[in-house]
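Here is what each chain is made of, one letter per residue.
4 protein chains.
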Amino acid sequence: MIEPAIAQCASTESPGERFARVRNWTDTLTAPLSAEDCCVQSMPDASPAKWHLGHTSWFFETFILERFEDGFRPFHDAFRVMFNSYYHAVGDRHPRPQRGMLTRPPLSFVREYRRNVDERIARLLASRGDEKGLQEDLLALLALGINHEQQHQELILTDIKHLLFMNPLKPAYHDAFSQSEQPTMPMAWHAFDGGVVSIGNSGRDFCFDNESPRHRVYLAPYRLASRLVTNREFLEFVRQGGYRDPKFWLSEGWDWVCANDLAHPHYWLEDERGWMEFSLAGLRPLDPGLPAIHLSYFEADAYARWSGARLPTEAEWEHAAAMPSSCGEFAEGKLFHPAAAKQHGLSQLFGDAWEWTQSAYAPYPGFRQPEGAIGEYNGKFMVNQYVLRGGSCATPADHARATYRNFFPAAARWQFSGIRLARDMENGTA
Amino acid sequence: MIEPAIAQCASTESPGERFARVRNWTDTLTAPLSAEDCCVQSMPDASPAKWHLGHTSWFFETFILERFEDGFRPFHDAFRVMFNSYYHAVGDRHPRPQRGMLTRPPLSFVREYRRNVDERIARLLASRGDEKGLQEDLLALLALGINHEQQHQELILTDIKHLLFMNPLKPAYHDAFSQSEQPTMPMAWHAFDGGVVSIGNSGRDFCFDNESPRHRVYLAPYRLASRLVTNREFLEFVRQGGYRDPKFWLSEGWDWVCANDLAHPHYWLEDERGWMEFSLAGLRPLDPGLPAIHLSYFEADAYARWSGARLPTEAEWEHAAAMPSSCGEFAEGKLFHPAAAKQHGLSQLFGDAWEWTQSAYAPYPGFRQPEGAIGEYNGKFMVNQYVLRGGSCATPADHARATYRNFFPAAARWQFSGIRLARDMENGTA
Amino acid sequence: MIEPAIAQCASTESPGERFARVRNWTDTLTAPLSAEDCCVQSMPDASPAKWHLGHTSWFFETFILERFEDGFRPFHDAFRVMFNSYYHAVGDRHPRPQRGMLTRPPLSFVREYRRNVDERIARLLASRGDEKGLQEDLLALLALGINHEQQHQELILTDIKHLLFMNPLKPAYHDAFSQSEQPTMPMAWHAFDGGVVSIGNSGRDFCFDNESPRHRVYLAPYRLASRLVTNREFLEFVRQGGYRDPKFWLSEGWDWVCANDLAHPHYWLEDERGWMEFSLAGLRPLDPGLPAIHLSYFEADAYARWSGARLPTEAEWEHAAAMPSSCGEFAEGKLFHPAAAKQHGLSQLFGDAWEWTQSAYAPYPGFRQPEGAIGEYNGKFMVNQYVLRGGSCATPADHARATYRNFFPAAARWQFSGIRLARDMENGTA
Amino acid sequence: MIEPAIAQCASTESPGERFARVRNWTDTLTAPLSAEDCCVQSMPDASPAKWHLGHTSWFFETFILERFEDGFRPFHDAFRVMFNSYYHAVGDRHPRPQRGMLTRPPLSFVREYRRNVDERIARLLASRGDEKGLQEDLLALLALGINHEQQHQELILTDIKHLLFMNPLKPAYHDAFSQSEQPTMPMAWHAFDGGVVSIGNSGRDFCFDNESPRHRVYLAPYRLASRLVTNREFLEFVRQGGYRDPKFWLSEGWDWVCANDLAHPHYWLEDERGWMEFSLAGLRPLDPGLPAIHLSYFEADAYARWSGARLPTEAEWEHAAAMPSSCGEFAEGKLFHPAAAKQHGLSQLFGDAWEWTQSAYAPYPGFRQPEGAIGEYNGKFMVNQYVLRGGSCATPADHARATYRNFFPAAARWQFSGIRLARDMENGTA
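Note that the protein sequences, when read in sequence, are chains X, L, V and Y. Quick note on the numbering used here: the first sequence kicks off at 1172 and runs consecutively. Quick note on the numbering used here: the second sequence kicks off at 1172 and runs consecutively. Quick note on the numbering used here: the third sequence kicks off at 1172 and runs consecutively. Quick note on the numbering used here: the fourth sequence kicks off at 1172 and runs consecutively.
Treat the hints as calculated values from the structure; they're not laboratory data. Check before you lean on any hint, since a few could be wrong.
Pairs count within a copy or across copies, as identical chains cannot be separated in the list.
Said to hold, decoys possible - In silico DMTMM-like links for lysine to aspartate or glutamate, alpha-carbon gap of 20 Å or less: (1) Lys1303 - Glu1547; (2) Lys1341 - Glu1443; (3) Lys1513 - Glu1283; (4) Lys1418 - Asp1263; (5) Lys1303 - Asp1241; (6) Lys1418 - Glu1404; (7) Lys1418 - Asp1380; (8) Lys1341 - Asp1458; (9) Lys1341 - Asp1248; (10) Lys1513 - Glu1352; (11) Lys1513 - Asp1248; (12) Lys1418 - Glu1547; (13) Lys1341 - Glu1290; (14) Lys1303 - Glu1240; (15) Lys1341 - Asp1263; (16) Lys1418 - Glu1307; (17) Lys1418 - Glu1542.
For clarity, every value in this text was computed on a predicted model and none was experimentally measured.
Could you put the whole structure together from the sequences, leaning on the hints where they help?
Below, the structure written as structure tokens:
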């Protein structure tokens, strides 16, 4: 188990060392993939690994080298458009649903692009890294680029998982796998008094714009479940007809269930061996003790309703996450699958699976969108999405923090997303 | 100008008197419409007036008569399905997009259904209205049915407006019209200190379930605009390319603009006479002094961003609405179009146009969904919708209140929805 | 039973008398319908009866009055666009899927439009009907307009049937109904030698442009079934899994079955009473002796394949239809439902149900599209449609003729379309 | 220029030699492609080259080895489903739109599959190739498999062209290119008397089932253009507003133009250099003397109408193709782009570009669908498609013949499809 304390450990790294370490991790993640695996796009929401490799390099080239490098010349003229994700202020963008059409340039050339950008960034840091004034902007953008790369590292895993699952061979990405140890930790409820508390990031260390400013909110007393909902518990919901009764579902969620004829989580299937779950290690019997994952907001909300609880708000979650707690599985463990809760007390808040909150993704009071293209990073997505907290088994450990706000539309299922339940306090009891 | 104080005046009415008055108002609203006008459905979101007439009667028949009437027999067996909107717990529902297929029963027969239900409700109230115990439930359901009818009264107007606008003749519903008086009130900013405040309905008078419980929230200091954004102001946004520059828009909003090739509000059109606006009184020159209406959340948000402001949260709005303020146009004025702001000070909070807030429609802390079919009234819609406040020129005055939460998806444009701007407090100034 | 000989009888009518008679028949057909029934559009392919009433009058106004009437002024300026179906050369067109939005003008006003056009045409014929030269064009256009009106008379019936079936009350258009007399005529096979034969219309009497020129085709010897396929026979196909086995279907037809989850003809349904069929007289037990109708080309082709036969070509059909044969039910019988075959010998070629041929709708050799807007009448639809022959129980008897080419896309089911089987000659036997 | 006489030359080959030669040609065609190029599917109509490589081997394995090989065992269990295109009688099929998801097995493994099948077929032919009785079926299926492989060879080229064009780099498949020699041959008209003629294949040599039986048809006198329509001529249509005026288009074609906002052929684009055309050799200036290609039936028909001509029927084309004529470019020339007409007289009938006919794809009189899965090869597609004749620059020369019937839906543009005009005979002149 890797502690988020790694963030502190890691803080002895120089910016350049951190850049190199994080960039290398991307190579590690894509090493098991063939050029074919890296090229194909399985749905508009997912991107090919090759595109992720190019785009993360484009980010450093466009936002750092173009501004700070003497005699800047782009590695390839067409890449400005090809690897621009959604930054209107940068210019045209290759259409998102056609990212899988890019059989050229070949993967090898995109890897060359990465090496080129890595060298130029290293040179830049070496030559100008301690110019005053310049340093502040440059290092802030470098930190942003590194965190951006880490987000795409997680997406590389979720996107390749989605692709491999569409293959009738159900191929594995790797051999590792997690296994629960019996018996499952019982679910306990942790009480919080609430009141006026502060959430959000004060910005001393790096954070995304959407995490700030730190601000006060009022919380009524509440309780949080000690761990994530397990496959055993979610299977009970399935077996008791959870996907067949509209009374557990938000109206739009029920329409979604019916339109897509859904009866279980995305990576589950039932064959002659019983319930199976597809993981990055291939198809395996559903392990009842592991957290239930790849759930949409609709499914998380329906499960909570069925079980007589509710999803937490993001403020409730963040307030609780300030307490000491044990961490779950992070990407560095190389399982890329959540582990079972192993300790009493509030566990799995960090790692294992992103936790849906009932909070719509919205600007914090006083939120200011940065000027220029960078302002498009987060702010313009603040509608019709829901906040997830805590990080997952595909998140780098030093990328997770208590104030981190992940967000996806309510129907998204291809992320490592699970359920932590919450409850109102009743009769003053905890 | 009608004060919401009408709610208090009206409180001298008996429940039966109020029932009769509100039911009659529905007849008044549909009187100018032909059987053809009442039958057609212009889009899946809108319903034919005939269906509204049937459904509101079905509501009383199903939730009151079926439970309280001795020897209950339904007026028509098929109506249980035909006029059920979305209550799974009641049973099957006629598909929403096919409400316009119901050329039979004829309008006259649905009016007969209304009269029948009216008489049976009146008889029930007369005979059993003061049985103890029974009374509480019955009168609560009666109040719910009356408020439900009032919601559909507003929808009758918005839906018929949508239909008539699709007609190349651009026919008028009636002759009345509002006109602004020059000059427009200047926009002023009203400051609020914030802190821990309470919002939500304590439930002493009738309220919908989604308005309760009353609860505490923390508000940072903020400012609210004194009046709604006008057509003149919104036209400036249009003219300066507001619909052509993605930087003002939420990402999903920009996709919506492009996919639908939008360049102005829904009921505006430009012809050889200049900018025209379609109203229930037909097509008229766009009146610069009147509030801009029929705006989606996306448009309201883009306008706010363009103007350097933001939309208020629903808590900010409700806190402000506790102050004394002048009201705008309500349905009883029979203009069915907003009027210009006429007074200095915070105005138009109630009436004229629903005001988009930046708050996603979500359960209040401690919200409990009622048992049974009635529990489906509001709770299951709490996802991917945004809260609007204050009521409009199509809202009955005694239906508006400070705690009222209206809600629509971000792309909805056919409601009487406008913009009140908000701002954070800067440098401690007000 | 009405003989197509009525065409000859009718030939003693003056053009004006024929005009008046056919126009009146439209009124007869729409008399049982309410204004609501006449206003609604049940699908984009179907049009409201009110629109049919307006469009057929528009046809006479636009193509005759506008050209021949002194001091022509349109009845209503907006009608030129509102009632234009698909004539680009005339100008703009109200969008087809929005024909059901036209609650204004009211039905009464469209009827007034009809009367106005009727009077002006009568006046024109009286005053100028025997001017030389003018007469040829005028009378040709009058005949075209009359035949056009008759086509819409059939569509009024098929479109209202489609609408009423969408109503959960399954209301009837009228009380009449047909009933088969036991026993069903056995199906016999009639042999034809083929060779070089002529088909197509020589144009001595009125015909549509697509029926000409008369031209030679070579036919191999073939056989035609003596009567239409019955409900009993088609039900056997249903029961033996015809809708569940792709081997009977064209590939595109099978995709259509799967995508729409089809298991039987459009107006059939199975309830606790057994198989029922919706007709213009309402829902009735499926009558095994009556012809199977409302079949798509895909269904007709699949049935033929299942039964070891095939559909005829239009040339085979037309060559056979030159023989004397008994007629089936036409519109004048006011059943608007086919009758059972009543005679030995080749029967039902005319009336009862349109018969799908395997012939794609294409121009005859030497086909010339007329100049101007009238040229858009037929020619531009000659792609991806299939020819039907013979007329139906909703066709006016004097509108049917051996050379008549009706045409619909392969998935169309709302017409009175049935199956006559054909076979190649084997071993010289007949 | 390669003569179709190659078919005769080739006839000295043994079946095994022909099998080996044709299989090798597939390898030659895919040699310039990377594993990434071979994996991606650019649209549902197109397939990845890797899938084509697998499917053509599957065809031999399923229809020959499974039946004739002693101790048959499939190369890989999953391939029976993965590489089944549309044969219901064989069993399940991997969904067509997901052929591009198959990043596994890797290209190298599919090439191994090909080698394995090649060896087993060779062994089978060696060991049992002259068993009596068996031979007839085996050699017939072998010929079918070889012709099937040749069809997919053409698709490999058209599908990879479609994919590469979607790439913003507009990469080339190879370096070769064709160039017209000035001046363009003038277009002349060749007259044919018509009468009762025979078309279709008598079946002495291999043909597809849809080409038989040979049968008589009657043809009116007609004229055929001496060569294909050129880019210069088609550009004139574009410049004179051909894509902006509905009067040239079939109604469904015009809807298609508007819905897709089309203004020129698929692989044309206009940039600062003028009109450019994408070819398998990359983007090059539009060569006015080369045939206009990649046209849909709608475009071919509209051009013909605009020019006062029409498309030929397939019978007219086949009757003319019995005359001696010079051939155009075939696949063996390795240009994969048509060449200019180089000779007076009827030219380009074979090779260069498939020629749209106005004939809907339909069964010939007396057509019998073979029993079993092989019967699904052609017959079930005989609806809503149009016949093309003659072969193209991507067709192997020994695959073209006068009776060959290619077919595609009216909107298909990604094939090498061009226009040969036809005309009716006027006034007895030729």
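Evaluation of the provided hints:
no.: 1; hint: Lys1303 - Glu1547; result: neither (27 Å within a copy, 61 Å between copies)
no.: 2; hint: Lys1341 - Glu1443; result: within (16 Å within a copy, 45 Å between copies)
no.: 3; hint: Lys1513 - Glu1283; result: neither (43 Å within a copy, 47 Å between copies)
no.: 4; hint: Lys1418 - Asp1263; result: between (45 Å within a copy, 14 Å between copies)
no.: 5; hint: Lys1303 - Asp1241; result: within (17 Å within a copy, 80 Å between copies)
no.: 6; hint: Lys1418 - Glu1404; result: within (19 Å within a copy, 45 Å between copies)
no.: 7; hint: Lys1418 - Asp1380; result: between (38 Å within a copy, 17 Å between copies)
no.: 8; hint: Lys1341 - Asp1458; result: within (18 Å within a copy, 48 Å between copies)
no.: 9; hint: Lys1341 - Asp1248; result: between (38 Å within a copy, 14 Å between copies)
no.: 10; hint: Lys1513 - Glu1352; result: within (8 Å within a copy, 71 Å between copies)
no.: 11; hint: Lys1513 - Asp1248; result: neither (51 Å within a copy, 41 Å between copies)
no.: 12; hint: Lys1418 - Glu1547; result: between (39 Å within a copy, 8 Å between copies)
no.: 13; hint: Lys1341 - Glu1290; result: neither (38 Å within a copy, 29 Å between copies)
no.: 14; hint: Lys1303 - Glu1240; result: within (16 Å within a copy, 78 Å between copies)
no.: 15; hint: Lys1341 - Asp1263; result: between (36 Å within a copy, 17 Å between copies)
no.: 16; hint: Lys1418 - Glu1307; result: neither (54 Å within a copy, 26 Å between copies)
no.: 17; hint: Lys1418 - Glu1542; result: between (45 Å within a copy, 11 Å between copies)
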